[in-house]
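2 protein chains.
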Amino acid sequence: MNMSQKKNALSITREENFSAWYQEVILKADLAELSDVRGCMVIKPYGFAIWENIKNILDNTFKELGHTNAYFPLFIPVDLFEKEAEHVAGFAKEMAVVTHHRLEYVDGKLVPSGKLETPYVVRPTSELIIGKSFSKWIKSYRDLPLLINQWCNVVRWEMRPRMFLRTAEFLWQEGHTAHETAEQAIEETIRMHEVYKWFICDVLQLFAIPGKKPEYDKFAGAIDTYTVEAMMQDGKALQAATSHFLGQNFAKATNIKYQDRDGNMQYVYTSSWGLSTRIIGAMIMSHSDDNGLNLPSQVAPYHAVIIPIIKDSNNTSSIMEYCNSIKSALSNKFRVLIDNNDDSPQNKKWKYVRKGVPFICEIGIKEVESNTVFFIKRSDDLKQLKLNKEEFINTFDSLLKNHDATLKNKHENICKSKLVNDITTFNELQEYFSNNNGFARVKWSGSNENLDKLNDLSLSIRCIPTEQTDTNGKCILTGQNTIQEIIVAKSY
Amino acid sequence: MNMSQKKNALSITREENFSAWYQEVILKADLAELSDVRGCMVIKPYGFAIWENIKNILDNTFKELGHTNAYFPLFIPVDLFEKEAEHVAGFAKEMAVVTHHRLEYVDGKLVPSGKLETPYVVRPTSELIIGKSFSKWIKSYRDLPLLINQWCNVVRWEMRPRMFLRTAEFLWQEGHTAHETAEQAIEETIRMHEVYKWFICDVLQLFAIPGKKPEYDKFAGAIDTYTVEAMMQDGKALQAATSHFLGQNFAKATNIKYQDRDGNMQYVYTSSWGLSTRIIGAMIMSHSDDNGLNLPSQVAPYHAVIIPIIKDSNNTSSIMEYCNSIKSALSNKFRVLIDNNDDSPQNKKWKYVRKGVPFICEIGIKEVESNTVFFIKRSDDLKQLKLNKEEFINTFDSLLKNHDATLKNKHENICKSKLVNDITTFNELQEYFSNNNGFARVKWSGSNENLDKLNDLSLSIRCIPTEQTDTNGKCILTGQNTIQEIIVAKSY
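Sequence order for the protein chains is A and B. With my numbering, the residue at position 180 of the first sequence is 180, and numbering never jumps. With my numbering, the residue at position 76 of the second sequence is 76, and numbering never jumps.
None of these hints come from the bench; they were simulated from the model. Keep in mind that a hint or two might mislead.
No distinction is drawn between identical chains; accordingly, a pair holds when it is met within one copy or between any pair of copies.
Unchecked claim - Computed list of lysine-lysine pairs in PhoX-like fashion (alpha-carbon distance at most 25 angstroms, straight line):
#1 K136 x K28
#2 K55 x K333
#3 K348 x K63
#4 K453 x K490
#5 K83 x K115
#6 K28 x K63
#7 K93 x K115
#8 K139 x K28
Using the sequences provided together with the hints, build the complete structure.
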């Protein structure tokens, strides 16, 4: 059977309905589900295993760069939250507020009771609560730089949830650092921005353009926000990770002062940077296809699954022995699963196709007798391959690298066809986006004038790319002469 | 200098004020601090590194036993929470209630706004919210057993916080499993109880008595609660980890049914089990001394710290090279820190004594020239030792085992002197606890009669130990004949 002629493993294609397809990929791969709690999702074991892999890779990297983990309170007193005005403006409309500390029965119904004097908000981000601790921990320049990271849940009240992309509660890491000088804090911000770029492009194999956010779209309270803007298969942008240079704004709000090398008291300069479970949504919309999920090897819960094909029960033990020998040869370095549940081999195969296991091996008596491994390369349109067993085992590392390269190339090809560099006027922009989605690299003077024209087309400035061509041109919004280029796109 | 004659590294001794001493151990080891958020603590990097080690050991063990991690919502709708009446009774008095989903300025003050139709409670434990998911995931006996674990934060409103022991928010893991039969769920409950016993006694080297909770003190909604009751140095008990057989109570509350092997629909049987950051408090109160923290090796952030002693700067490079050679020889298997900050060697030594690093090495030119390592064994009253460098490196593993054995023995000696087996009447009990604290192993008939007599002495039944002597005796509360033994103690 030529599998490429088979019907797809999902009922909806990307072409038919990208958004419904996205939901189906998640459900059929058993990654997550919406919960009864409005706006909140449940991350199921297979989805959470991906997050655990993401966490491990980033956590090791952060630690190698000198950061240590700590844990700060979930709750922020409203009067502390008030201290940074821009911050309030950015978050106040979407937060969970705790007002009571017990429940009690009134007329047979459980109702809130024990009203708090000061309400608490559930952290949407932790600059202020961590800043309060920093103000106690930092006394002198000897205590700097202070490099802290936290893995935790945060809440931003969200009424139109989409799994992984937009949920009221999500998981993330938030790095918070304090430095003697602005230069050092900027250096740290850019260093972590580079870590994200590496992780997103080289580990997750996404296509992304790094750059700065325009002034009006910075993190609430930041001086500069760096972003990695990833392009999805449908040409829309997804803000994959941000890093903020906060100047002395939060140091002043939470009073983080240190004695400098000359004995004078100074405010520190801080940075913060975060990456969330949203990245799993970005990965899905970049690599998955009409057969379901595709996973970059480093975060895949399983690198290979082995399906025993037993037609004659006399062969059971020799086939199982052969499967076990492959698994044990690989499992020192790789994550391998043998699925010997009593479901049919065909059902199992399609299950792991939908779950995006990079290599799906089918082992029957033929393979045992010929000392071979028959396997499907998930990323390469389910290409069927056969290798000598020893070769399969010995080259498995390069098979995985090759799988990653296939994912990267496929996605890059899609994205590069949606990168537009030749738009010079607003009319051309409007025309392009009336039929297409993609990243338009256009000129912008930096003024906020006419930004609503973009908004009216559901477009936004995704970033000011780090790599500029430095050519002269005219701002698409004002016609002014400018050399600055931006990326304009629709976004998630 | 004979260090045993030196003044202690803390200002308060256990003898003088156990509770103030406990706080000082935490502060001087830089483990944690209370936050501005009432009842909540900040876990500082050194304290959090201990938790990360605890997490890794337990997480690996859970996974080896077939459990997978997942993540469920922080919020529980009040109407879902209401479904299990005993559960409500157990938790309703101490929960954070979210009633609004934004803040807005009214007369220049930020106030809660956007009132929710149904309030949410912040999870104090997740049986109900996870049960809701299980009810979707489980269809047939083929889906069982379902073995899930979650690492997360929980909130139980606590007005008299004590770091690690009692805080409004704490971190924990909660295992939740579903099974076909009561027997299988009980087996799982006991298996995880055994895992906790192993972790608490053999990894953390605590002294503890495993057993069942009496009926009246079970987890709210459980059929049986198994507990590991650890004894602190002051003779008080600390409930270190609990495992609950929940019968079909939560299955009924959240409608978790499966089709059994005969095609009939049945409710599943569930278990849940948890261990929290509280265990760090237990560890502190078991192993620390008047010089500060002591840490069992497997969870210690550093196994050894190396302090270079440089009196003549001509020796700097040879001393540093020597220190580095020790570190690099060990660091494949062990966590080693070289502290070359510009603080004095003396200050550094006492810093690491207070932080409970198992081995503190002081390396000067004498050690370099004699090819030796001079070191302090933290657990053995700062005993000073000297070994040939190669011997130190090659036997480091047994040095650590020896360190753990020292901790265990010391603590066991204290605890065994506070284990009382010869109390047969309530008067004797009263007399013992008027001058002492400890674990009294006494007879109890199992009736709730006269329990308030224990309560009046601030005593409680900690557990019905798994190991019973099966001798006849009389209940200390009712005088009835009984063979059942219990542990009575004051508790944290």
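Violated constraints from the hint list, given by number and in increasing order: Violated: none.
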